[in-house]
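There are 2 protein chains.
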Amino acid sequence: MDEKVIKQFEDRINKIEAILGYNFKDKSNILSAITHRSFVAEYPEKIKDYEVLEFLGDAVLSLIVSEILIKQFPNAREGELSQLRSSIISEAYLSRLGRKISLTEIALVSKGELMQKGTERESLLCDVFEAIFGAIYVDCGYNISKPRAIFKKLFYKDLINDIKTGNIPRDYKSLLQIYTQKHFGIAPKYKLISEEGPEHSKIFTIECKISDKLTTSGKGKSKKEAETEAAKKAYIQLHKTSNTET
Amino acid sequence: MDEKVIKQFEDRINKIEAILGYNFKDKSNILSAITHRSFVAEYPEKIKDYEVLEFLGDAVLSLIVSEILIKQFPNAREGELSQLRSSIISEAYLSRLGRKISLTEIALVSKGELMQKGTERESLLCDVFEAIFGAIYVDCGYNISKPRAIFKKLFYKDLINDIKTGNIPRDYKSLLQIYTQKHFGIAPKYKLISEEGPEHSKIFTIECKISDKLTTSGKGKSKKEAETEAAKKAYIQLHKTSNTET
Numbered sequence: 001m002d003e004k005v006i007k008q009f010e011d012r013i014n015k016i017e018a019i020l021g022y023n024f025k026d027k028s029n030i031l032s033a034i035t036h037r038s039f040v041a042e043y044p045e046k047i048k049d050y051e052v053l054e055f056l057g058d059a060v061l062s063l064i065v066s067e068i069l070i071k072q073f074p075n076a077r078e079g080e081l082s083q084l085r086s087s088i089i090s091e092a093y094l095s096r097l098g099r100k101i102s103l104t105e106i107a108l109v110s111k112g113e114l115m116q117k118g119t120e121r122e123s124l125l126c127d128v129f130e131a132i133f134g135a136i137y138v139d140c141g142y143n144i145s146k147p148r149a150i151f152k153k154l155f156y157k158d159l160i161n162d163i164k165t166g167n168i169p170r171d172y173k174s175l176l177q178i179y180t181q182k183h184f185g186i187a188p189k190y191k192l193i194s195e196e197g198p199e200h201s202k203i204f205t206i207e208c209k210i211s212d213k214l215t216t217s218g219k220g221k222s223k224k225e226a227e228t229e230a231a232k233k234a235y236i237q238l239h240k241t242s243n244t245e246t
Numbered sequence: 001m002d003e004k005v006i007k008q009f010e011d012r013i014n015k016i017e018a019i020l021g022y023n024f025k026d027k028s029n030i031l032s033a034i035t036h037r038s039f040v041a042e043y044p045e046k047i048k049d050y051e052v053l054e055f056l057g058d059a060v061l062s063l064i065v066s067e068i069l070i071k072q073f074p075n076a077r078e079g080e081l082s083q084l085r086s087s088i089i090s091e092a093y094l095s096r097l098g099r100k101i102s103l104t105e106i107a108l109v110s111k112g113e114l115m116q117k118g119t120e121r122e123s124l125l126c127d128v129f130e131a132i133f134g135a136i137y138v139d140c141g142y143n144i145s146k147p148r149a150i151f152k153k154l155f156y157k158d159l160i161n162d163i164k165t166g167n168i169p170r171d172y173k174s175l176l177q178i179y180t181q182k183h184f185g186i187a188p189k190y191k192l193i194s195e196e197g198p199e200h201s202k203i204f205t206i207e208c209k210i211s212d213k214l215t216t217s218g219k220g221k222s223k224k225e226a227e228t229e230a231a232k233k234a235y236i237q238l239h240k241t242s243n244t245e246t
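So the sequence lines, in the order shown, correspond to chains A and B. Numbering-wise, my numbering puts 222 at position 222 of the first sequence, and it's gapless, one number per residue. Numbering-wise, my numbering puts 110 at position 110 of the second sequence, and it's gapless, one number per residue.
These are calculated hints, taken from the structure and not from any lab test.
The calculated lysine-lysine pairs, modelled on DSSO-like cross-linking and capped at a C-alpha distance of 27 Å, are:
{"hint": "1", "chain 1": "B", "residue 1": "K164", "chain 2": "B", "residue 2": "K209"}
{"hint": "2", "chain 1": "B", "residue 1": "K25", "chain 2": "A", "residue 2": "K146"}
{"hint": "3", "chain 1": "B", "residue 1": "K71", "chain 2": "A", "residue 2": "K146"}
{"hint": "4", "chain 1": "B", "residue 1": "K182", "chain 2": "A", "residue 2": "K111"}
{"hint": "5", "chain 1": "A", "residue 1": "K25", "chain 2": "B", "residue 2": "K71"}
{"hint": "6", "chain 1": "A", "residue 1": "K48", "chain 2": "B", "residue 2": "K240"}
{"hint": "7", "chain 1": "A", "residue 1": "K71", "chain 2": "B", "residue 2": "K27"}
{"hint": "8", "chain 1": "A", "residue 1": "K233", "chain 2": "A", "residue 2": "K221"}
{"hint": "9", "chain 1": "A", "residue 1": "K173", "chain 2": "A", "residue 2": "K189"}
{"hint": "10", "chain 1": "B", "residue 1": "K48", "chain 2": "A", "residue 2": "K164"}
Pulled from the structure, derived: some chain A residues nowhere near chain B, Cβ distances all over 12 Å:
{"hint": "11", "residue": "K7"}
{"hint": "12", "residue": "E10"}
{"hint": "13", "residue": "D11"}
{"hint": "14", "residue": "I13"}
{"hint": "15", "residue": "N14"}
{"hint": "16", "residue": "N23"}
{"hint": "17", "residue": "I101"}
{"hint": "18", "residue": "I168"}
{"hint": "19", "residue": "A187"}
{"hint": "20", "residue": "S211"}
{"hint": "21", "residue": "T216"}
{"hint": "22", "residue": "S222"}
Taking beta-carbon pairs under 10 Å as the criterion, some of the chain B residues facing chain A (in silico):
{"hint": "23", "residue": "V52"}
{"hint": "24", "residue": "A59"}
{"hint": "25", "residue": "S62"}
{"hint": "26", "residue": "V65"}
{"hint": "27", "residue": "S66"}
{"hint": "28", "residue": "L69"}
{"hint": "29", "residue": "I70"}
{"hint": "30", "residue": "R77"}
{"hint": "31", "residue": "Y137"}
{"hint": "32", "residue": "I144"}
{"hint": "33", "residue": "R148"}
Note that the structure is predicted; figures quoted are calculated from it, not measured. We treat Cβ as the ideally placed atom computed from N, Cα and C, and that holds for glycine.
Hey, can you work out the whole structure from these sequences and the hints?
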């Protein structure tokens, strides 16, 4: 094997181990986890890409996040919890966590991918993030406690904060509907208030009404965008008033 | 509490513990897991329904099944594995496993639900099945090894067999396409062969062609049904020839 490449492998493995605070017993696990198939294709020796570990890591993270959610929101219903979990275990959100632990500099991709900023893509960052948690799980003998501890140490505070401030890409219209059905037995009502601007760049304003006491409004380039914005405001508002539930 | 009801709780808990080969340290976990919200609504004392445990159990089972799949099919790609996992962690399949361990007789539902055969519904059987694995996980202190051992003891053989014989409700058109793209670099071609019978009850026959050597056909009440049938036959055929991969 090329010494320069081995040095590159070692540097990246050292870097991610330092970030995670975890030394892999079997370095081939973590090497796979950061290796995109484009790198494998152009590399002469036989190495494994991250796909299988990504698949496993998705389930590992899903379980870790499920536990965090049920402990944080013991009174939430299954529908709310599932929605929340799937918006966390998503490309949009996990790629953000991947960026926090510098995966853009750690992932191994082909020269072509690198030129096209492949390591900046959300899908790749999310995949590698999942694969790393899959790798930790395998490396400790298929035990959930280590990956859970590492996830919590690195992301717990931010995650809870992101949930509370609504800083997670979510389907707010569905969430709001689940919430209002559960608590008030009604669905939110949406009403178009205005359409402004020229045909090709209209701005829609939509009102979301829950009750006489709670009405929000949202703006957007489409009705859906405006509705989502209004639903998000109402959802966050409702959670400020009742802090014990999602 | 009503003694007759307590006896009913105890009988059902004893029964499921015997089937699982596991005694719950905290009986309230397993009681929740088998309790539908309709039962809670008509029961005078405060008890918890299965929803939160169902949410957690879904993630527990997803991880257990992921591990089984990657060990069984080490050369499969992420796409195939994900498809397979989601067809296993599905109402259609998990309700079947739930039936095997007699959940139709164990689940607690309201009198109204019972009259309408509520415990026969796939959605309820799947929910309770997931909740039971969530309950085991919680009961052993959030450790995956016990629920994994119980799942494997009860279902491993059947699961592998069901995968090999195609006895799992699956999206065969997508699976076949993933497989043929990977192995042959082509997509299957579908062709309508015949439409028979009167307008309101037509039977479609569709041919699925992979290569000159492999062509299958399927019949169904819609084109989609016929295509799925043909795809399933081709998919199973391909797996008979290559037994080492999904």
